[in-house]
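Protein chains in written order, with the numbering used here: chain D, 1 to 472; chain Z, 1001 to 1092; chain H, 2001 to 2489.
It should be emphasised that the hints constitute simulated quantities derived from the structure, not laboratory data. No incorrect hints appear here.
Some but not every residue of chain H turned toward chain D, in silico, with C-beta under 8 Å:
id, residue
1, 2208
2, 2235
3, 2321
4, 2364
From a predicted model like this one, the values you see are computed outputs, not experimental measurements. C-beta: ideal position from N, C-alpha, C; glycine also.
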Amino acid sequence: MKYELVVGLETHVELLTKTKIFCSCINGFGAEPNTHCCPICIGHPGTLPKLNKEVINLAVKAGLATNCHINLKSNMDRKNYVYPDLSKAYQISQYNIPICENGYIELSSGKRIRINRIHMEEDAGKLVHKGGDVYIDYNRGGVPLIEIVTEPDISSSGEAREYVEKLQSILRYVEVSDCKMQEGSMRCDINVSVKPVGSCKLGVRTEIKNMNSVTFMTKAIDYEFERQSDILENKGEVVQQTLRYCENSNSTESMREKEDAQDYRYFKDPDLVDIVLSEEDVNKLKKSLPELPDVRIKRYAEDFGVSKSDAELIVKYKNAADFFEKASKGLQSPKTVSNFIIGQIFRVIETESEREKFNILITPNQLNELVKLIEGNKINMNLAKKTFSRMLETGKSAADFISESDMQEISQSELEEICKEAIKSNSKAVNDYLGGKEKALKAILGNVMRQTKGRGNAQMIEEKLVNLLKNS
Amino acid sequence: MVTKEEVLNIAKLSKLYLTSEELEDAFNEMKGIVKFVNQVNEMQNPDEEINHANELFNAFREDEIVPSFPREKILENVEGGKEGFFYLEKSQ
Amino acid sequence: MPKDNKGVIRRIHKLLLNKDVSCQELTKRYLEKINESNLNAYINTCEEVALESAAKVDKKISSGDEISLLEGIPMTLKDNISTSGIETTCGSKILKNYKPIYNATVWNDLKKVNSILLGKTNMDEFAMGSSCETSFIGGAKNPHDLGYVAGGSSGGVASAVAGNIAAYGLGSDTGGSVRQPSSFCGVVGLKPTYGAVSRYGLIAYASSLDQIGSIGKTVEDVSIVFDFISHYDDKDSTSHPGIKFDTQGNLKKDLKDLKIGVPNQYYEGIDKDVKENIISALKVYESMGAKIEYFDLPEIKYALPVYYILACAEASSNLARFDGVRYGYKASHYKNINEMICKTRSEGFGKEVKRRILLGNYVLSSGYYDAYYKKAQNLRGLIIKAFDEAFSRFDVLLTPTSPVTAFPENKSYNSPEEIYLADICTVPVNIAGVPAISVPCGFDSNKLPIGMQIIGKKFHESKILNAAHQFEVFTNYSYNKDLDMGVNL
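Full structure from sequences and hints, please.
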C-alpha cells in the first residue's frame, strides 16, 4: 500500500525584547549562569508577574505577518507541571484564548499551511546534566516566547523545511525574533502521522520534540515516515508517544518509558489581568510592519525582472534583500545585481546564519558602481566578475583594480591586430577548429581576452575570430 | 464519586507521597469534602465567569531593563549552589 | 486604660515626641515582654533589626527632626509577609530557615518610616486554618484564656496585639484570616478591598482572594495603618491604580441616616451569646441614628463550597513551587530527583496543607474542571452581583464575624467540613472582594470576646471604619482593662 505523510508543526520562538516577559531582567543569550535572575524569575514565594507590553506588540506583529486574526481580548493561563527547570512549577501561557488565531503561510507552490494559533508564554530555565547530577541555570527562565501551531497541512519534509524557513524569514523581517535554531531561539516540535493515500482518516501520531536544526528536522520526518509506514505495512499499530531524534544514528527513540498522560490543570492566572486591545492598537501595529517577504518577491519579479526563484533566494535573507535594493538604485538591469549576489556573494557566505547576517566587506554602492561600468560597456562581464571577487576579499572599490586604460573601449583595428596575432601563435587550435572541432575556438578566444585585458566584448571577439578564420 | 485510584493519581500530580494509612484518610476526607463542594452543582449555571473581584485589565510593564540580582543573592538559599548553578545530586 | 479614644499608635507617638521614653528603651521592653510571654505568638523575633531602627528614630528625635506617626512604633508582621534577610516561614517546616532576598511592598513602605519590626508572628501553615494550630510550632494562644485558641490564620498577630506585645500588626485575609482571630482575641481587624493593598511579597495562599490587612487595639490604629499601606503598586497587576485613602479624617462623622443592612442568612445557626450581642449592637446603632433593615442574601449559601474550590485550586498551583530546589527544606535521602521533590513536599507540608493541595488538584484535573472550578467561578460572579445589589440599598452590612467565640485548644472535629463551616461569615467578603472590619462587641458567658463584622462597598473603607469607630467610642469594648498584661504605657 502507498502511504502519505501528515505533519503539523509547533514552533517556539524567543522574542526580541530587551527584558523578560514578567520581570525586568535582561533577555539575552550566553551569559554566565544565573546572572540574569531576580526573585520573580526564580519563582521566590510572594513575587508577582508583570506582563511586558512589548511581548504583546511582538506577538501581534507575528500574527499580522502570518495572516492571523487578532483576539482583542485574551488572558494568561497557568499550565501546571513540576520540573526543576520551571521555577514556579507552572508555566504562564495562553490556553483557551490565544492572542492570534487562524492564519497561514503560503509556500512557493501556492499551497497554504494553515496556522491554528499563536500564543504567548514564558520559557523555562536550562538543566545541565553532568554525571547524572543536575545543574540548573534560570537565565532563560521567563524569556518571552510565542508558540506557532500549524494545522496538519504539511505533506513532505520539503514542505516542512520551506515552511520553517519562510517562518524564520517573516519573523526576522518583522523583527519579532532572530530565529536562531542553533542558539535555541527557535525550536520545533513535529507531529507526524501517516495514512493510506487518499484516506481521510488521520493515523496515530507521534511527537518529536525540540528539533534545533532544519536539516535534522527533515531527516527526522523522513525517518519517522518510513518507520510508521513499515509498521502499518506489517499490520502493526503506531503507538502514540513522544520521541527524541538522535542525530548520530538518524533515528527516533521514545522519551519516556511509560507514557504518563499529562494533566496540566490549566486555569486563568489570578495574578494577572485580562489583555484588552483596541482595533486602533492593532492597526497601529499593522502600519508599523515592514514590507513582508512575499510582497518583496512579487515586486522583484515584476519591477526588477528578477526570476521568482532568484527573488526568493535573496528575499529569504532580509539583509541580502536590503543590500540588493540599495545596490540596484538607478540601474537598467537590477538582474545583474541579483546575479552577483547569488553567484558570487552567496558563494563566499555559505551558511544560513552567515547569509542572514550578510556581513560582507563591500557596500551596496560599490556594487552599484561596478554594474554601472558593465552597463556602460566599459568592462566586460568576465573582468567584472574577477574584479568583484577581489572587491569582496578586500573591501576595495572597482576603481582600485581597473585602470583607466582598462576601461577605454578597444578600437576595431587594434582588436583585429590582436586577433590576427592570436591566430598566428595558436596554429594547433586553428587547425583543430578548421578540422571541425568548434570547441577549439575557445582557446584562441581566451588568448585574445588575456591580451585585451578584458576590455573587449567576448561576443564581438568571437565573431571577429570566426570571420578571420573563414577568410584565412 | 471519588475513587481510591483517583486520590492516588491526584497525589502523584501533587507530588505527594501517601502512606497506605494516609491514603485511607485522604480518601475518606476527600469523599466528604467533595460531597461538600458538590453543593455548587445544585445551582443553575449563570453565564458569566469572573476571576477577580475587581475588573482591572491591561496591567503592563515597559520593556526596560533593571539590573538583575547578584548571583550570590540568587544562590543564597541553596548555600551558594555549585559553579554558579543551582545543584542537585542525582541521588543522596 | 484612659477612655480618651486615642489609639495605641498615637499614644506611643506622643510618648516618643515628649521623650517620656526613648524608642530603644521602648523596643527593649517590648522584646523582653515577648520573651516572657507564653502566648506563642511569635515564630521569630528580630532584636537586631528592631533596635537598629529604634536607634535611628532616637537620633532623629534628639536632633529635633520631625517623625511621622508610624515612625518608631513597635509592630509585627505575619510570617507570610516577605522580609529581606529575615526568616519568613509561613508557619511551615518547608520554609524553615528560608530568608527572602527581597521585601514585600508593605514592609518596604513601613521600613522607610523606621517602623520597629519586633518579629514575625505565628500563623496557620500557609494561612490554611482557623485556629492557628496548623503552624509547625503549634498555635498562638488567646490572651483572654490561654486554654483557648487565638483563631486563624493570623492568630499570632491578633494574639500579640491583644497581649500588648506589638502595638499593631499586619496579617493576611483570604477567607477571614484577619477578622476571625481579631474577633476571637477582642481586637480590631480590617480586610481591605481586593486591590487596595499590594500583595507583592505576600506568600500566596489563594491569589484572587488574598489581601493584607491591619490588626490593632482600636479602629483608629487600624485606620492609620490602612491609610499608610494602601496605594497603587506597579509590581502587583491586581493593585488598583489611583487609589489614596484618608479614612482617619473620616472617623468623626455621625451615623445619622446610615443605612445598615442585616442579611438574615448570617444569623442562622450561630451561637446564642454571639447573636444576642450582635442584636444589642444593632440597637446601639439605632440609638445613634442609623436605620436598620433585615434582608435576604440567599446566594451566600454557596459561598463556602465556592471558596474551598477556588482557594484550594489556586493554592495547589501556588504551593507547587516548594520542591526543595531553590530554597527551603529539602529531603536528604532520595534515589532520584522526582523522589527528592515528593519527599521534600511530603515531609515539609502539614496535613491540612496536603489536604487542600489534593482537593485543589482534584477540582482542576481533567474531567472535573467544568463541574467544580468553572462552576465555582460562575457562582462567584453571582455572589459578587448579590453584594452589588445589597450595596445599592445599604451603606454597610452588619453580621457576626464568626458564628462562635474562641474554641478550646486541640478541639477535635468529626470532619474537615465541620471546621470549614466556622468560616461561613467571613468567606463571602473575600469572594466579593469587598472590605470588612471586625470590631469587638461584647463577651460570651466564658468572658471570651465577641466580634461583629461591618461590610462595605468596594473602596468604601472610610464608611466601615467610621461606623466601627463610632460604635467603639460609644461602647468601649476595645479597652478591656483586665487585658493590660503588656508594656506599661
